[in-house]
Structure formats: C-alpha cells, structure tokens
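Protein chains: 2
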Amino acid sequence: MENRYDVAIIGNGPAGLSAALTLKNRNKNVIVFANSKTSSKVEKAQEIHNYLGFPEISGTDLAQRFLEHAKVSQVHIVEVGISVVYHMGEYYGLRTRNNEMYEAKTVILAFGVQFGKLYPGEEAFLGRGVSYCATCDAMLYRGKKVVVIGNSPQDEAEANFLADLAEQVYYIPNYKKVESLSEKIQVIYDTPVEITGDAVVDTLVCKNTSIQTDGIFVLRESVAPAQLVPGLAVEDGYVVVNRKMETNLPGCFACGDLTGAPFQYMKAAGEGNVAAISAVAYLAAQ
Amino acid sequence: MENRYDVAIIGNGPAGLSAALTLKNRNKNVIVFANSKTSSKVEKAQEIHNYLGFPEISGTDLAQRFLEHAKVSQVHIVEVGISVVYHMGEYYGLRTRNNEMYEAKTVILAFGVQFGKLYPGEEAFLGRGVSYCATCDAMLYRGKKVVVIGNSPQDEAEANFLADLAEQVYYIPNYKKVESLSEKIQVIYDTPVEITGDAVVDTLVCKNTSIQTDGIFVLRESVAPAQLVPGLAVEDGYVVVNRKMETNLPGCFACGDLTGAPFQYMKAAGEGNVAAISAVAYLAAQ
Numbered sequence: 002m003e004n005r006y007d008v009a010i011i012g013n014g015p016a017g018l019s020a021a022l023t024l025k026n027r028n029k030n031v032i033v034f035a036n037s038k039t040s041s042k043v044e045k046a047q048e049i050h051n052y053l054g055f056p057e058i059s060g061t062d063l064a065q066r067f068l069e070h071a072k073v074s075q076v077h078i079v080e081v082g083i084s085v086v087y088h089m090g091e092y093y094g095l096r097t098r099n100n101e102m103y104e105a106k107t108v109i110l111a112f113g114v115q116f117g118k119l120y121p122g123e124e125a126f127l128g129r130g131v132s133y134c135a136t137c138d139a140m141l142y143r144g145k146k147v148v149v150i151g152n153s154p155q156d157e158a159e160a161n162f163l164a165d166l167a168e169q170v171y172y173i174p175n176y177k178k179v180e181s182l183s184e185k186i187q188v189i190y191d192t193p194v195e196i197t198g199d200a201v202v203d204t205l206v207c208k209n210t211s212i213q214t215d216g217i218f219v220l221r222e223s224v225a226p227a228q229l230v231p232g233l234a235v236e237d238g239y240v241v242v243n244r245k246m247e248t249n250l251p252g253c254f255a256c257g258d259l260t261g262a263p264f265q266y267m268k269a270a271g272e273g274n275v276a277a278i279s280a281v282a283y284l285a286a287q
Numbered sequence: 002m003e004n005r006y007d008v009a010i011i012g013n014g015p016a017g018l019s020a021a022l023t024l025k026n027r028n029k030n031v032i033v034f035a036n037s038k039t040s041s042k043v044e045k046a047q048e049i050h051n052y053l054g055f056p057e058i059s060g061t062d063l064a065q066r067f068l069e070h071a072k073v074s075q076v077h078i079v080e081v082g083i084s085v086v087y088h089m090g091e092y093y094g095l096r097t098r099n100n101e102m103y104e105a106k107t108v109i110l111a112f113g114v115q116f117g118k119l120y121p122g123e124e125a126f127l128g129r130g131v132s133y134c135a136t137c138d139a140m141l142y143r144g145k146k147v148v149v150i151g152n153s154p155q156d157e158a159e160a161n162f163l164a165d166l167a168e169q170v171y172y173i174p175n176y177k178k179v180e181s182l183s184e185k186i187q188v189i190y191d192t193p194v195e196i197t198g199d200a201v202v203d204t205l206v207c208k209n210t211s212i213q214t215d216g217i218f219v220l221r222e223s224v225a226p227a228q229l230v231p232g233l234a235v236e237d238g239y240v241v242v243n244r245k246m247e248t249n250l251p252g253c254f255a256c257g258d259l260t261g262a263p264f265q266y267m268k269a270a271g272e273g274n275v276a277a278i279s280a281v282a283y284l285a286a287q
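Chains as they are written, first to last, in my numbering: chain A, 2 to 287; chain B, 2 to 287.
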C-alpha cells in the first residue's frame, strides 16, 4: 500500500503546520490533509500582534508565511477533507472525502473548531438517517431518497457518488453557485431549518418547503472530533488531551483550537510542536 | 509603592516574551525581569528550523526578532535577576538581586532550566551555611567569614554588600575578569570542588586550596524554581503545571523549559501565551 505514513496530520492551521515542521525535522514520513489552501481562520484575522517574532502582521500575510515555511520544509500537503478516522490498533485508517484510504501509525488532529452550528434534530437523528459521510453510508440508501446539504463545491462529488445508488438525490447548496453536479440530482435553493422524524428521519424542513426523505447528508468543512474519530474522548465539545497532547487513543494526538481555549495562533503552534515530539516518542516506542 | 504591577514575568526567552506581548495586548501592567539582554539559550542555537513562520533562522536573529517585537509592543524589561519571590496571599513580593522590592498580583515564571550543576554538598548544606541570596541572608553572617562564588560581574554587587557586614569575604570568580569588587574582599582564583562540614558548612574545598568558612554564597544566573519561589510544587526539577499553566500557588503561572520537555522555542512561546491568558482570567476574577 502506497498511502502509508508515519504521521497523518488533519488540518493546516498553525497547529498542524507546526507539528509537520517538527516531524520533518525528525525525518518522519508525514502527510497533511487540508480542507483548503490556508487556515481560513488565520486568514480572516485582520491583524495579529502577539505571534512572537512578527509585530503587527495581517492574518493573510501570516498564513502565507506559515505555508511558505511548510513548503521550504517540503511538507506534503494534500487538499482533501477526511471524513472518518478508524483506530485499527497498530495503525489508523483515514478515509478521504473522495473515498481514498490512507494509513498512518499516528494521527495528529489539528482541524480547529469551525464545525458550524448543528441543525435542530441533527444530533438526535445522527445514525438514524443523518450522516456526515456519503462514501461511508451510501450503501444504506440504495434505491431511497436522500437530501445532501453542501457547504462548498467540494461537496458535490459526494452528492454525485450518492446519485449512482439512491433513487433520488436532492441537493441544497449553502453557497452561491453549483459547479459540477450530476444531472440526476435535483438542486433546491432553500434554507434548512430542522430535521424531523419519528424513529428515523422522515423530513427536512426548510424555510420555503419541506422535503420527504430517508436520509440527510450534512457535509461541512469539518465534522466534530468525536464524529471524525469514533472512540475519541471529548469534553464540552473539545478533545481531551494531557500536557503531552495525547488523547485517550494511543498514537492519536490533538493540538490547537480543538483542544479548547485560548484560541490563539501562538498556543496552537506551540501545541503542534509538542504533539509532534510526542508522536516521535510514540513511534520510537513501537 | 511605585514598583507595583499586574504581572511580573521572570525570564525573557520565548516563553516570557510571548506572555508579555499577550498581556500588553490585554492592557495589563507588566514587567519583565531579565538576567541578560537576550535568552542565552536561543542565541546559542545555530539554526532553528521549526519555529513556524521563520524557515532557517539563526538563534541570534530569532532572539533579535523576539526582542524587537517586545520593543514595538512597549514591553518593560528590567535587566536584573530576581533572588526570591514571596507569596503574600493577595500579591507576590519579588526581591531583585540588587535588593529592590517589587509587587505583582500575579507572577509568570519563565526563566528556563539553566540552573548550572550543583556542587557536591551544595544541596545538603542549603540553609545550613549555603545560600543563594546575599541580600536575603547577609545578616546571618555579621562578623563571620563567607565565600562568594560568582558567575558574572553582576554578582560582585552582592559580594560588596556582604563585605560591609561579614568579617571576611572571599570571592571566587567563575569568569575571567573581576570588575568592581570592594577592596575589602579577597579574590581567590580557584575552582570549587566540594562543600563540606558537619552540622553546618565549614569548608569550601577547591582544586588547589581549601577555605575555612561560615557560609558559602553560590550566585548563579538562575536559581532552581523551588529555591526562587518557596512553596512552589516541583517534580523531577520541573515546575508542576496544568494545561492552563497554573502552578500550585494561586496567581503563579509557569511556562517554557522550566515546565519540562520538549525544550523547544515553539512550545515555550505557546505556553507563554497560555500563561498570559490564564493570568488575565485570574486578574479578572480578583
């Protein structure tokens, strides 16, 4: 298998890139999975005053610096989201949103806290009609009706994948322009309001209409940590870590905003560094 | 009292300066105590590859960048060592090595781990003839003989202070050239080997000679954390902190190398950031 690494890092913000640099320095075989070219959160910051070494730098410039540093250090960044991480004992299996599989001996979670607000009913029906991963759960909806809520053109591939199996796919884009959706899919321009049903999902209530459906796929840039990594310990929505950035799963580390406040670039970069060193120690002990 | 601050930071390496920047951003009244102009440890580093944002920078350049950033942010740095920190309940009292007193509502310890190797017998006789602070313990040696082991010209002031009280002061410089020592003091160019005695210290054994003495002052750039802050919890020589960088003493935080491995600039700067945010929260709750 070619897609096999020492360390898989999910997220390319300050935490993920800092971890990647340190791991490259230690000659580890590292891959970084990124939802987008730069950390959108760093980019959005107008001016950053307390990232030591850069007095008054804009978020855009700082993000650029981070990526340049990663480039100089030959960090391998792949622009694809991860839909699920399975703990397989000796290693971790990572499934990308375009259905490729990767293996890594250790995983560093560093994808921040932009999970988006949940729809009413979303959590209650999770696993009972609500899913975050088309490539994982498509088979359950063979010959059925599903709704896909997409948040970026990247999500259209998943909807297309579903369209080959499901009887009918409705697609609700939470963005301006649909780019490459299959003709079999019916696009609905509306705003989801609530997910309802009885034992299982039966309706997606929108602002202007209600859609009868067997399943609802909510595709966001990031899914919540416990959804992404089954078995991961989370408290108040944040990944539980100790001072070594170890999670409850051996070989799985976390750093940056998803470990909780303060939500600061400096803290994230520092934690990424610690997570990397801990991963190195874990690999050495294997 | 004029020397009164919201936060006193001891140390001007990445941890201390990172904390200072964040506190300035939050409009806190901050003072940084520094043994020397820059963190000697950062300066000594040939090349640093994993401080995110600076691909391949020398230790000297990075230290310079850090200090410039502190300057731009108008961080108040005082070049004097701290000999002891007293927890006074509502606030902390800090005594400098030239015997000035400062008060701060919170203290951030960030002075690294360059405590120097202890002399055989040093720890055993601590408080029984061995002292790290002339201005604290001079009165105990009125009319007696003491030896001062100095590690930099800065230490000569403490020896001079002792010379006004003690009957005889011997000074052993662990550096090249004595600069401004009182004429009352006898300089001995020799290498300390061991501290001996019975119930209390009686002899400093050196390579070429042995000095009969009532007290031995060992003056180093940094003293061990538990010596500097009486009551501070330390484990294996490192300050015990939680994820918020809180120590066992309320209002006292620690960050950087003195909290333990990994000894990395990025980790230190990240921890400084967290310590600062925790200090802000502590002040707000007062």
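Mixed in with the good hints there might be a few duds.
Put simply, identical chains are the same to the list, so a pair is met inside one copy or across any two.
[To be verified] Using 20 Å as the maximum straight-line C-alpha spacing, the simulated SDA-like pairs for lysine to any residue come out as follows:
#1 Lys-245 <-> Pro-263
#2 Lys-178 <-> Asp-199
#3 Lys-106 <-> Thr-197
#4 Lys-185 <-> Arg-5
#5 Lys-245 <-> Asp-191
#6 Lys-245 <-> Ala-262
#7 Lys-178 <-> Val-206
#8 Lys-118 <-> Ser-59
#9 Lys-245 <-> Gly-261
#10 Lys-145 <-> Gln-228
#11 Lys-72 <-> Glu-57
#12 Lys-145 <-> Lys-185
#13 Lys-245 <-> Gln-213
Note that these hints are calculated values from the structure, not bench results.
For a quick check of understanding: which of the numbered hints are violated here, in increasing order? Going through the list in order, the structure violates hints 2, 3, 4, 5, 7, 8, 10 and 13 and respects the others.
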